[in-house]
Amino acid sequence: MAKKRQKAQGKQGGASQKKLRPMVIRLKDVWKVYQMGEVEVPALRGLNLEIRDGEFVAIMGPSGSGKSTAMNMIGCLDIPTRGRIELDSQDISQLSESDLAQIRGRRIGFIFQQFNLIPTLTALENVMLPMTFQGMPAADRKERAIKLLDMVELEDRMHHKPSELSGGQQQRVAIARALANDPEVILADEPTGNLDSKTGSIVMDFLKRLNCDEDKTIIMVTHDEDVARNAQRIELLRDGVVASSSKGNMGQLPCPEKKG
Amino acid sequence: MWTDYFRLAFKTFASQKKRTALTLIGIFIGIAAVVSLISLGQGLKASIDRQFDLLGTDKVFIQPGSSIGIDPTVTIKLSDADLMSVREVSGVKSASAMVYKIVRVTFKDKSKYTFATGMEDPDISFEKMMESFGVELEQGRGAEGDKDVVVGKNFITGGFLDSPINVGDKIKIEGKPFRVVGSVSEIGNPQDDANIYMTFDAGLELFDLSKDELDFIYVTVRQGEEPSVVGERIKKRLRKLHNVKEGDEDFTVSTTEDYMETFGIVLTVVQIVLIGIAAISLLVGGVNIANTMYTSVLERTNEIGIMKAIGARNSDIFRLFLIESGMLGLVGGMVGIAIGIGLSRLVAFIAARAGWSFIQTLFPWYLTFGALLFSFAVGAVAGTLPARQAAKMKPVDALRYE
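Residue numbers (the numbering used here), protein chains in the order written: chain A, 1 to 260; chain B, 261 to 662.
Just so you know, the hints here were simulated from the structure itself, not pulled from any lab data. Note that the coordinates shown come from a computational prediction; the quantities given were computed from them, not determined experimentally. Mixed in with the good hints there might be a few duds.
Straight-line distance between alpha carbons at most 20 Å, and here's what the computed PhoX-like set of lysine-lysine pairs gives [as the list claims (entries may be wrong)]:
1) B:407 / B:361
2) A:161 / B:407
3) B:505 / B:471
4) B:271 / A:161
5) A:142 / B:271
Non-contacting residues of chain A with respect to chain B, defined by C-beta distances greater than 10 Å in every case (computed) [claimed, not checked]:
6) 41
7) 45
8) 48
9) 53
10) 78
11) 95
12) 97
13) 125
14) 139
15) 159
16) 168
17) 214
18) 224
19) 241
Glycine included, every Cβ here is placed at the ideal spot set by N, Cα and C.
Chain A with its partners taken away, still in its complex shape (with noise of 0.2 Å):
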């Protein structure tokens, strides 16, 4: 494991190397139009935005500036009105619902602030879900559910339903769920918003991690200054686009320790 902390750190550590890392996304003039009744309300207003692999990205601005619609977009969940939108050079504003539907299930994984565990599944059924959608077959995906589960310290809960749980182990698996189909991008909701700060340490704990010990490129929505500082990059979004973009703590500090 600290082997490959090693390797992750010395790829982001010159800003000469970091130029060579691939684009995975990027928003180019996007607009996004709500229509209420009559008038037209636009949430994205020509939103510029480029995120490389391997990068921690936290989105920031008040609420009204566009960061849930631009989170929207990222994760395919929405399709703008113009501009585009490419995953890894794709474009994928042009992309059917089904198509949208296969590129989320592998090649982002979701946390929500409200952790948005399915209430009827156990843990472990939780974290397999999204492979049940991608056909994985069943022995397979038990496996590398006990195995994510293991990650992020719930095994010993692993049949436990969400109400069973605490807030922090919520979220938790929810990181597990993420990361069950290996996607590249990790996209997180407020990941602590409902969390007291402890656990929400914790669970930043486990993102950082993630971004450090299995290079995952991870875009954080938040409106909390000392949780965004927890990224590399920080985009301030105001009024639809890019206000202003600013260096996190990330990098300079060291990735945090594996507890146990």
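Chain B: place on chain A using the hints.
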């Protein structure tokens, strides 16, 4: 993949036990009603077919009046001349005359009314003649003398006249003494099992009839002859004798097959009406499933959003909900079939206790299989629209739904 959908459906049912149970009740009442009615109808049809099989398909029946069956309003009768002419028709092996009447029968001070039949065939024995009617002698012998009677099973068991009657006992019919010389085996309905059989002459005397007041002529055709062809010949002959045109006959000639067909049609019509009524409850059950599914889709909007976010395609969501509603139908169907089988067995059991062992149940494999398939289809059809609504939800909207 499919098994995963089934597992997910079961998870949902487990989390909504009461609602699932109520929805199931809605569907299994309909299925139970349909299954029990069909099985009783099929059982009844099989019993009737068996009776006709005993009768044999080489029979032609001639009755006065213009419709099949015993019609008490018909006052015209067949004559001795009719019987003689029928015997002369080519293809006729034998022709028996029958008279019947409702009579008062008394044994040990207990009296009751029942059907008595007098019959004659110069060519075969009384016993053989009864057999050709589909009635089997169980004890004793056939009627020979004017005071001999053969009685139905319910006389022997005491089911008809309280005290059981043995072969050799004396009974009174319309106040006149007769001797019981034989009994027939059980037919399966209380009326037929209380019949009394005697010779034709004894019948004529007892009913105070002449030879020209016959109720029924019963023809056995020669081997190799087609009963319907012989029947046509008889018709032609009798038309000439009665001097009537085709279509104006004051008699009816029918074959075993005609009888089977008539009974079959009546039974089918009755079945269609009853099953139609039962099917309405099934329809209501289907609407109930649709309603449950709409509620479920609405409640789980957020869940649908989550599943779409983690990679479920529209078709996955559609299938998921369709299987869920199909399962409701299928499980409802299984319970319904079980209850339906139990219900029709109970009806048959109670009927048998009341002497109607004629009423039986039959569960052909296609009934069980068909009912299962049908109940699944009801569930699936009912779930189509709700499932489509779920599938069409936009992931963003569904995720945001509170």
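Here is what the structure says about each hint:
1. B:407 / B:361: Cα-Cα ~17 Å, so holds.
2. A:161 / B:407: violated, 87 Å
3. B:505 / B:471: violated, 25 Å
4. B:271 / A:161: holds, 12 Å
5. A:142 / B:271: Holds, at roughly 18 Å.
6. 41: holds, 15 Å
7. 45: holds, 19 Å
8. 48: Check passes; 21 Å lies beyond 10 Å.
9. 53: holds, 21 Å
10. 78: violated, 5 Å
11. 95: With a cut-off of 10 Å, residue 95 (chain A) remains clear of chain B, as the shortest Cβ separation is near 12 Å.
12. 97: Violated, since 6 Å does not exceed 10 Å.
13. 125: violated, 8 Å
14. 139: holds, 13 Å
15. 159: For residue 159 (chain A), whose nearest Cβ neighbour in chain B is about 13 Å away, the distance exceeds 10 Å, so it holds.
16. 168: Non-interface label on residue 168 (chain A) holds, nearest chain B Cβ at 19 Å vs cutoff 10 Å.
17. 214: With a cut-off of 10 Å, residue 214 (chain A) remains clear of chain B, as the shortest Cβ separation is near 18 Å.
18. 224: holds, 20 Å
19. 241: Holds, because the least Cβ-Cβ distance between residue 241 (chain A) and chain B comes to about 20 Å, which exceeds 10 Å.
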